[in-house]
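**Student:** What follows is the residue order along each chain.
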Amino acid sequence: MTLAVTDEIALPKKRNRVLAKFMKNRAAVFGAGIVLFFVLVAIVAPLVAPFDPIKPSFSTIRKAPSLLYWFGTDELGRDVFSRMLLGTRASLSAGVISVGIAIILGVPFGLVAGYFGGWLDASISRATEALLSIPFLILAIALAAFLGPSLTNAMIAIGLSAMPIFIRLTRGQVLSVKAEDYVEGARAIGLPDFWIMLRYVLPNALPPILVQATLTIASAIIAEASLSFLGLGQQPPNPSWGSMLNTAKNFMSQAPWMSIFPGSAIFLVVLGFNLFGDGLRDALDPREN
Amino acid sequence: MTNESALRPSGANVTVAPAASQPLLRVENLSVRFDGAPPGINVVDDVSFTLAKGKTLCIVGESGCGKSVTALALMGLLPTPPARIVQGAAYVGDQNLFSLSERERADFRGNRTAMIFQEPMTSLNPAFTIGDQIAEGILRHKNVSKAQAWERALEMLRRVRIPAPEKRLRAYPHELSGGMRQRVMIAMALANEPQILIADEPTTALDVTIQAQILSLVRRLQEESGMSMILITHDLGVVAEVADEVAVMYAGRIVESGSVDAIFEDPQHPYTIGLMGSVPSLGRRQGRLATIRGSVPPAELMPKGCRFSPRCPFAESRCASEPPPLTEITPAHSARCWYAPLEQHRGAAA
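Chain order of the listed sequences is A and B.
Start counting the first sequence at 1; every next residue gets the next number (this note's numbering).
Start counting the second sequence at 1; every next residue gets the next number (this note's numbering).
Any given hint could turn out to be false.
To be verified - Derived DSS-like pairs (lysine-lysine); straight-line CA-CA distance at most 30 Å:
| # | chain 1 | residue 1 | chain 2 | residue 2 |
| --- | --- | --- | --- | --- |
| 1 | B | 146 | A | 178 |
| 2 | B | 142 | B | 53 |
| 3 | B | 146 | B | 167 |
| 4 | A | 249 | A | 55 |
| 5 | B | 142 | B | 55 |
| 6 | A | 21 | A | 178 |
| 7 | A | 21 | B | 146 |
| 8 | B | 142 | A | 178 |
| 9 | A | 178 | A | 63 |
It is worth saying that the hints were derived from the structure and are not from the lab.
All figures in this text were calculated on a predicted structure; none of them were measured in a lab.
Sequences are here, hints too, so could you generate the full structure?
**Tutor:** What follows is the structure in structure tokens.
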């Protein structure tokens with residue numbers, strides 16, 4: 001052994017670095033806490049709800065918040081707190097599932113467009129731009145109205161409306177990752193295109209997509225609330241925050257608690273996802289240290 | 001060693017052992033054009049060379065002279081468009097690389113021809129471990145199990161002298177330094193025992209002590225395996241150290257080629273002479289370090305004749321209008337200059 005290898009340096013593990021950076025960001029941890037809290041609420045909702053959220057009780061119509069009915073009761077005498085607990089499920093799953101749909105459809109399109117370029121890229125990109133030219137909520141409303149009013153259809157409509165953002169983001173990421181030396185290196189060892197796309201391009205293009213996903217969940221929750229508010233989402237008697245607001249608007253002056261609490265919940269969970277997403281973006285950004 | 005036979009190049013390649021005189025790789029009249037360039041101006045223009053088995057050819061030239069494009073063309077990695085091979089052939093045995101289908105090219109890459117790149121810091125996939133990436137290339141070309149591929153990857157890390165190879169196999173690229181990563185790149189390139197290794201400025205991004213280590217490592221591995229190497233560099237020190245043959249490129253053309261001794265002792269082309277003169281050396285120097293005046297002309301101003309003529313101290317009117325032929329000085333040495341061989345034209349030219 002004539003060669004002494006002296007050029008060894010130890011760097012801290014990347015994952016730990018990202019986590020440490022995230023934990024240092026107080027707002028991000030706060031956001032993650034809010035999100036976690038609502039996820040827990042959604043899971044345990046049926047177990048902890050003090051009253052039946054569906055069954056009307058005509059002896060307790062529009063009661064103000066009290067020790068018995070923490071958030072008051074609605075126009076059919078149902079406990080607003082119990083309905084909100086159950087509504088968490090509709091809102092969170094609408095956010096997560098619709099963004100899931102947007103990612104599952106959008107990322108492959110963006111990947112193919114960015115990687116292969118040419119006419120494939122041109123046609124996918126033009127179609128994406130056409131979709132992007134329609135405002136997000138208007139498109140979601142149109143699709144939901146077309147598909148028919150139900151929570152599932154609302155999720156599909158929101159997912160399809162959010163898809164173009166992911167196509168565009170993925171395509172841009174792929175274009176920059178594709179120019180990396182390791183992608184050329186992969187070609188130089190003769191790896192096939194689909195393999196390079198899945199193992200070399202996609203994992204390295206993913207971080208900004210994850211960040212965008214958390215931020216889009218926030219908009220999707222608002223979109224679900226809007227669709228439900230318009231009667232195109234969750235159908236009565238099942239609760240969702242948006243549909244609760246829809247009925248609450250008629251009693252704004254007589255029973256403000258009916259709108260204050262679901263409205264605050266939407267505000268909080270959207271804030272949580274936004275803070276979480278921002279923190280994730282900063283933590284994953286290698287330039288800031 | 002149960003997996004040894006599986007890891008050798010497939011039977012066909014072994015039996016076509018070329019006669020000693022026949023070169024392993026023969027590049028003939030290779031021209032590469034970029035879309036949008038002025039007509040007749042190719043980034044690589046009419047380049048021919050041969051590479052003998054077990055030998056090292058250094059392609060020397062300044063940035064943008066077409067040396068990397070030549071390498072990428074040979075690997076089949078040119079970005080098309082905008083780059084296109086407009087003429088030429090590259091024979092390995094009697095197979096013309098340029099007439100193979102894209103699929104057959106991919107079977108060649110990383111298997112019979114391999115390449116290492118200039119930037120070790122960015123040439124490894126940050127998302128997977130070193131072992132994963134070396135094994136990947138082996139699994140692509142050899143019919144072996146995953147365990148055998150990892151075994152082979154470990155053996156390769158040992159061969160490129162990486163300390164604690166078992167541990168490094170499971171390390172991610174960002175946990176290694178530049179020199180270590182270049183060793184990993186070499187291990188990846190050589191894992192399938194290629195006949196030809198193309199190294200595109202493999203030491204440029206490394207600091208000087210590591211450069212020497214990597215060069216001697218590559219040279220030793222070459223001796224062990226008997227492969228041929230094309231080393232692309234602008235560092236004449238590296239050339240003197242590892243080359244058997246040298247091809248000097250200027251603005252897309254080979255202006256001089258020959259054995260390393262011939263090039264260093266008796267350079268014939270004014271550009272080569274200029275290059276030799278501009279190498280700083282230890283000890284006293286009289287006056288300023290010599291330079292070559294001017295810079296490479298942009299494509300649209302490229303002269304029709306000798307492309308070096310605008311910067312050449314010896315140029316006369318004929319040089320700019322008529323391209324000089326490749327003149328043989330000795331059987332192993334030729335230069336593309338109207339004045340070659342120099343001795344017959346101007347006594348004390350250099």
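**Student:** With reference to the structure, classify each hint as holding or not holding.
**Tutor:** Do the hints match the structure? See the list:
1. 146(B) with 178(A): Holds: residue 146(B) and residue 178(A) sit about 27 Å apart, inside 30 Å.
2. 142(B) with 53(B): The hint holds at about 23 Å.
3. 146(B) with 167(B): holds (18 Å)
4. 249(A) with 55(A): holds (21 Å)
5. 142(B) with 55(B): Answer holds: residue 142(B) to residue 55(B) is near 26 Å, not above 30 Å.
6. 21(A) with 178(A): Satisfied, since the Cα-Cα distance of roughly 27 Å is no more than 30 Å.
7. 21(A) with 146(B): violated (36 Å)
8. 142(B) with 178(A): holds (26 Å)
9. 178(A) with 63(A): violated (61 Å)
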